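Q: So you can see what is in the structure, the chains are spelled out below.
Protein chains: 2
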Amino acid sequence: MGSSDSGLLGDVADQFVLDMLKEYGELTRERLSAYLPRAQSDAYLFDLVRDYPLRTGKMLRPSLCIATACAFGATAADAVGSAASIELMHNALLVHDDIEDGSDERRGQPTLHALHGMPLALNAGDALALLSLRPLKENFRRLGPGLALRIFEETERMAWETTEGQALELGWRKDNPLGIDASDYLTMVLKKTCWLTAIHPLRVGCLIGTRGRMPLDPMIRLGFFFGAAFQIQDDLLNLVGGAAYGKEINGDLLEGKRTLILIEAMGRGSSAERARLARFLGLERVRRRPRDIEWLRRLIDRTAALEHARVTARALAGAALYEFEHAFANARPGRDQDFVRALITWVLRRVH
Amino acid sequence: MGSSDSGLLGDVADQFVLDMLKEYGELTRERLSAYLPRAQSDAYLFDLVRDYPLRTGKMLRPSLCIATACAFGATAADAVGSAASIELMHNALLVHDDIEDGSDERRGQPTLHALHGMPLALNAGDALALLSLRPLKENFRRLGPGLALRIFEETERMAWETTEGQALELGWRKDNPLGIDASDYLTMVLKKTCWLTAIHPLRVGCLIGTRGRMPLDPMIRLGFFFGAAFQIQDDLLNLVGGAAYGKEINGDLLEGKRTLILIEAMGRGSSAERARLARFLGLERVRRRPRDIEWLRRLIDRTAALEHARVTARALAGAALYEFEHAFANARPGRDQDFVRALITWVLRRVH
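Chains as they are written, first to last, in the working numbering: chain A, 6 to 357; chain B, 6 to 357.
Rather than coming from a laboratory, the hints here were simulated on the basis of the structure.
In this text, all values refer to a predicted model and were calculated from it rather than measured experimentally.
Each hint should be verified, as a subset may be incorrect.
It does not matter which identical chain is meant; a pair holds if it fits inside one copy or across any two.
Restricting the straight-line Cα-Cα distance to at most 25 Å, the calculated cross-link-like pairs of lysine to aspartate or glutamate (DMTMM-like) are [unchecked claim]:
hint, residue 1, residue 2
1, 142, 189
2, 179, 109
3, 179, 31
4, 142, 16
5, 179, 106
6, 262, 158
7, 262, 47
8, 179, 159
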């Protein structure tokens with residue numbers, strides 16, 4: 006791919022990241038398919054359950070888990086079950102997120118509830134979350150009960166953090182509190198995004214690689230900085246994404262989602278602009294007009310909120326690189342460690 | 006309480022059932038409260054998570070689990086964690102059911118999504134399902150890893166069966182297939198209701214009581230007959246419930262829910278009536294008028310569909326009593342065994 010601000014070195018690094026995502030992604034997809042049997046066709050459950058996992062995702066989360074496990078001394082086969090579990094749980098949460106947000110598109114196609122109605126989609130999300138637990142049962146045989154149980158507990162913790170973060174974001178959207186600042190935003194993102202996207206894959210990978218013999222706390226800091234950079238890039242892509250971006254452009258503005266960009270624009274606008282923005286955020290989604298969105302885009306441009314978000318994302322990625330050197334100090338040198346390091350800056354160059 | 010068709014013997018039996026439900030229900034509620042800390046107040050998650058479990062439910066499922074465990078030789082303390090898990094999972098499923106069905110009332114109060122909006126309620130349902138796994142972790146210490154793991158697997162199976170049953174019911178409501186018969190109905194109820202309400206509490210109780218030394222298959226037959234009788238009574242109460250009934254009367258008709266009563270009325274109506282019913286079921290909920298509901302109620306009365314459902318429920322309860330003698334043949338005589346037996350007929354006399 007290679008985006009506009011990456012030089013030759015960036016292109017080489019990008020290709021390496023894409024190759025690794027492909028390799029570990031295919032490994033995960035193969036394992037996943039055992040839990041999503043094609044033979045079991047039914048219009049009300051299994052066809053829905055299979056849909057999101059079969060749409061082409063980046064496979065970032067499972068690949069991060071496998072690479073971390075390998076960097077700390079395990080084989081990919083030791084980690085692929087846990088990686089499949091992470092990807093299934095991610096898809097389960099996407100189904101419910103899309104319903105909660107009233108989103109129309111996911112990975113370039115209509116959302117599950119747009120295709121099948123909300124009730125069946127909600128139920129299919131529950132089913133996917135249940136399916137995500139099945140690969141963890143195999144860990145008992147392969148990794149022994151002690152380690153398998155710890156991975157199960159990590160999964161429960163991750164799901165809980167995600168639910169708490171989701172509650173914050175949805176609550177803000179419902180009650181429209183005006184005092185949300187960048188620090189509140191980062192607390193929400195830590196819970197909503199960072200645990201699932203980075204902290205959990207890193208912790209589980211480290212558990213498997215070291216057989217539970219290393220403290221996991223450094224992975225929280227690394228995963229937080231990395232995950233927050235990832236989320237801000239996600240918010241940026243929602244406003245400036247190109248053809249490869251699979252969701253509605255400006256969808257976040259339409260949903261009144263509290264992004265760093267919106268928070269910055271609000272903080273830097275005049276008091277009249279703040280008042281208008283507050284009125285806009287108080288409207289129901291269907292009552293937000295295209296001209297409101299255009300006005301908001303102009304406010305964002307005038308306050309340089311996009312540039313501020315880009316700078317913040319780069320600072321977070323830098324902090325993640327620093328933490329990486331500490332957290333991976335005892336890891337084996339080689340392509341798995343190189344991949345995790347390269348991933349940290351790649352997320353800011355990705356276009357979907 | 007004592008309903009119109011129970012004599013003196015019924016009154017004594019009812020009081021015994023109510024006393025046992027109270028005792029084991031309070032035991033469960035006490036354990037539950039450890040997972041729903043009052044101190045942890047927040048308007049977007051914990052206040053919602055606590056709501057349904059604190060509304061007074063019958064506590065039938067956890068009580069059935071504890072009594073079965075005790076009848077097979079365990080103490081109530083061995084089973085109360087698993088019972089708390091069952092009650093939490095039940096409440097999680099109620100939250101999502103109410104969203105999927107668009108229901109307005111639950112246990113005499115507005116549904117969670119009516120109070121807080123769909124997005125936060127959906128998320129709180131996810132959180133409740135996660136919380137339901139926590140008491141199962143304690144089983145590892147108290148019952149040992151082998152038994153704890155089997156209970157966890159039973160829980161996953163139950164949740165999966167429930168999701169499959171829910172998919173069937175929601176799918177029927179969406180696509181409006183006209184050929185659904187009593188046998189399809191019982192297949193759906195086996196999955197949607199019987200696993201959670203009866204089969205799972207019986208199997209887990211038996212696992213704990215016998216320390217896994219008895220085959221669990223007889224509990225499927227017992228739980229199916231018992232659970233199906235319970236569900237038909239539930240459907241009847243929705244149409245004829247008194248002041249104690251906590252949901253909208255005729256709510257099932259408004260939702261177009263496929264109950265045995267509706268299926269019977271359809272099968273016994275004239276071809277013109279069948280055609281009108283098919284048109285009614287094809288409408289969106291908001292387009293179903295009060296006069297349609299009145300007409301449907303008259304059709305149900307004229308075809309004696311209520312009486313047919315009552316007779317079927319009694320036959321199912323009879324079959325459950327027969328299976329009970331087999332499934333509990335090796336249980337200890339005493340109040341726990343007596344309670345499970347009495348519960349089978351009590352569910353047909355209950356008024357909420």
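Q: When no copy is specified for residue 142 and residue 189, does a C-alpha distance of 25 Å or less occur within a copy, between copies, both, or neither?
A: So residue 142 and residue 189 fail the 25 Å test inside a copy (37 Å) and across (32 Å) alike.
Q: Using 25 Å as the alpha carbon limit, work out where residue 179 and residue 109 are close: within a copy, between copies, both or neither.
A: Answer is both; intra-copy 19 Å and inter-copy 20 Å each pass.
Q: Under a CA distance limit of 25 Å, which applies to residue 262 and residue 47: within one copy, between copies, both, or neither?
A: Between. Shortest inter-copy distance 20 Å satisfies the 25 Å Cα cut-off; intra-copy 35 Å does not.
Q: Checking an output row: residue 142 and residue 16, CA cutoff 25 Å. Within, between, both or neither?
A: Classified as neither: same-chain Cα gap 40 Å, cross-chain 47 Å, threshold 25 Å.
Q: Quick one: residue 179 to residue 106, C-alpha cut-off 25 Å, is that within a copy, between copies, both, or neither?
A: both (11 Å within a copy, 22 Å between copies)
Q: If the cut is 25 Å between Cα atoms, do residue 179 and residue 159 qualify within a copy, between copies, both or neither?
A: neither (30 Å within a copy, 38 Å between copies)
Q: When Cα atoms must be at most 25 Å apart, do residue 262 and residue 158 count as within-copy, between-copy, both, or neither?
A: neither (31 Å within a copy, 38 Å between copies)
Q: Given identical chains, is residue 179 near residue 31, meaning Cα to Cα at most 25 Å, within a copy, between copies, both, or neither?
A: Neither. Shortest intra-copy (39 Å) and inter-copy (36 Å) distances fail the 25 Å Cα cut-off.
The structure does not agree with the numbered hints 1, 3, 4, 6, 8 stated previously, though it agrees with the rest.
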